[in-house]
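*Asks:* Quick note, the sequences are listed as chains A and B, same order. Quick note: the first sequence uses my numbering, first residue 1, plus one each step. Quick note: the second sequence uses my numbering, first residue 1001, plus one each step.
Keep in mind that the hints are not guaranteed to be accurate.
Take a look, some chain A residues computed to stay more than 12 Å from chain B by CB distance [what the hints assert, rightly or not]:
#1 Asp72
#2 Ser78
#3 Glu200
#4 Thr302
Computed from the model, here is a short list of chain A residues facing chain B with C-beta under 7 Å [what the hints assert, rightly or not]:
#5 Thr52
#6 Arg77
#7 Tyr106
Please keep in mind that the hints were generated in silico from the structure rather than gathered at the bench. The C-beta atom is built at its ideal place from N, Cα and C for all residues, glycine as well.
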Amino acid sequence: MNEPAIEINGLKKSYHDVEALKGVNIEISKGEFFGLLGPNGAGKTTTINILTGLVFKDNGITKVFGKDTVKDFRFTRSKIGIAAQEFSVDWFFPIEKLLFYQAGYYGIKKASAEPTVNSLLDRLGLSKKRNARLRQLSGGMKRRFQLAKALVHDPDIIILDEPTAGVDVELRRDLWQYLRDLHNAGKTILLTTHYIEEAELLCDRVAIIDEGKILKEGDPKILTQELGSAGITINIAENKSELKSLFQDFKFTYEDKRIHFSVKNPDKALPKIIDILSNANIHIKSIKSNKSSLEDVFLDLTGKKIS
Amino acid sequence: MNWVGFSTLIKREVGRFFSVYRQTVLPGLITSSLYIAIFGFTLEQRIAEIQGVPYTLFILPGLIMMNTLTNATANTSSSMLQMKLLQQLPDLLTAPLSGLEIALAYIIGGTVRGMVNGILVLILGVVLIKMPVYDLFGTIVFIFLVSWAFSSMGLLLGQLSESWDQLAMMQNFFLTPLSFLGGIFYSIYMLPDWAQTLSLINPIYYMINGIRYTTLGVSDSPVFISYTMALILTLCFTFASIYLMTTGKRIKQ
């Protein structure tokens, strides 16, 4: 299949008089790890809920492997596994049985689902809890169960809505590793998050969404280089008055032997700054560089912090 | 048609109520036994016979019907509302299941619960007070039809309700009074004329009299009308609940 795994074009959605999505366009290739990055209320969950059939769209095209998610819902839904942000609660059945039911909804009989269910329970550390009810699991275990439920029918596309929200650092790193393994196994992953680190570490490509619009899309490293402002702080040995003329092309502040440069690309800018200071015989005492991050990109684009 | 998905959901719905049989199966048997003991045996001394049938026997078809329809309604309505409120519904709505498959699986789950409860009270009557069953096949068909109709109605109510309070209101203010006023404990000919006329617009009156005819061979209304009413209710509620599910108007945004 050469079709994009996910294709979203001109997607619009309003809840009463609130415009949640204002024409979202996203294309995700097969095997890509894609991040949808934005603050709460940006439109991330609405986008994936439309894709998976939980929310009606007002306008636009949503396709999975070239098939319309409404007309060909059986095909598109069978290709997607979704781990929702909110936990579901079931009072009646043990978690192992819930996984068998979940596989059944996707047309997989119990006998065929058994190896997958066992391996998921093992991999996600839930084997000992297979007979427990959901209410008996900790928050982290519930989060892992959400992931198991999304994977039980071995989908080609995995959609994860804030998969590490509310989990401790150790589990977050474990889940990240598992997501990397899934990606390496060829799965297409769409991740929504407001954790910058998560998107930077995992995603091949990210789209920054705010107030229902995609503001920027691309490789997180390139985006941070192109759009993010990084800081370079240099402490010099003596106070100098000629800095303004030396650094006409730079944005900087100077106070008490401390020069702070705000640059787009610190890797390019730093050698240039050092060159200028050396040629002017200004002695450098220390250099500190703060790397640009997606957070800076988001700040540049929206003028606000992501979380 | 996603047959495996469809049958999985039926198994889940049936398994759900069997897993809590102390809430969903036993209470019907206990309350029916109490009704037989308290209403039947005490009132039998004052009301000897109605339409030639001893009073304790006379009330039993009504008890079967009340159990059938309240359980069928409760299964689908509470399961649907629970799924909505506890975030379980997205698991179904994101799966490759159509609205028709989901609705039918729910209705079948509720029908099974209605039939299990109805048939258990029927057996209770046969064992406890030697109730004769005039037409066993007709009785089972009638229990099935009523279970299906009220299971569909429950699915409709479950989709329409936004809270337990709303659901309880519909059940307490409509279903229970209509059941009691449908002639479980009396023949409508014992009522004043105006109340008799009023009873004719109560659909549950026809359900109770239908099963009274198939079990005891007596009825306030012709059995043909009871079957027709049961069929009309079944078709109306089935189409309405499936329509609402397939359009997704009350379960999706």
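*Asks:* Does the structure break any of the earlier hints, and which numbers would those be?
*Replies:* 1, 2
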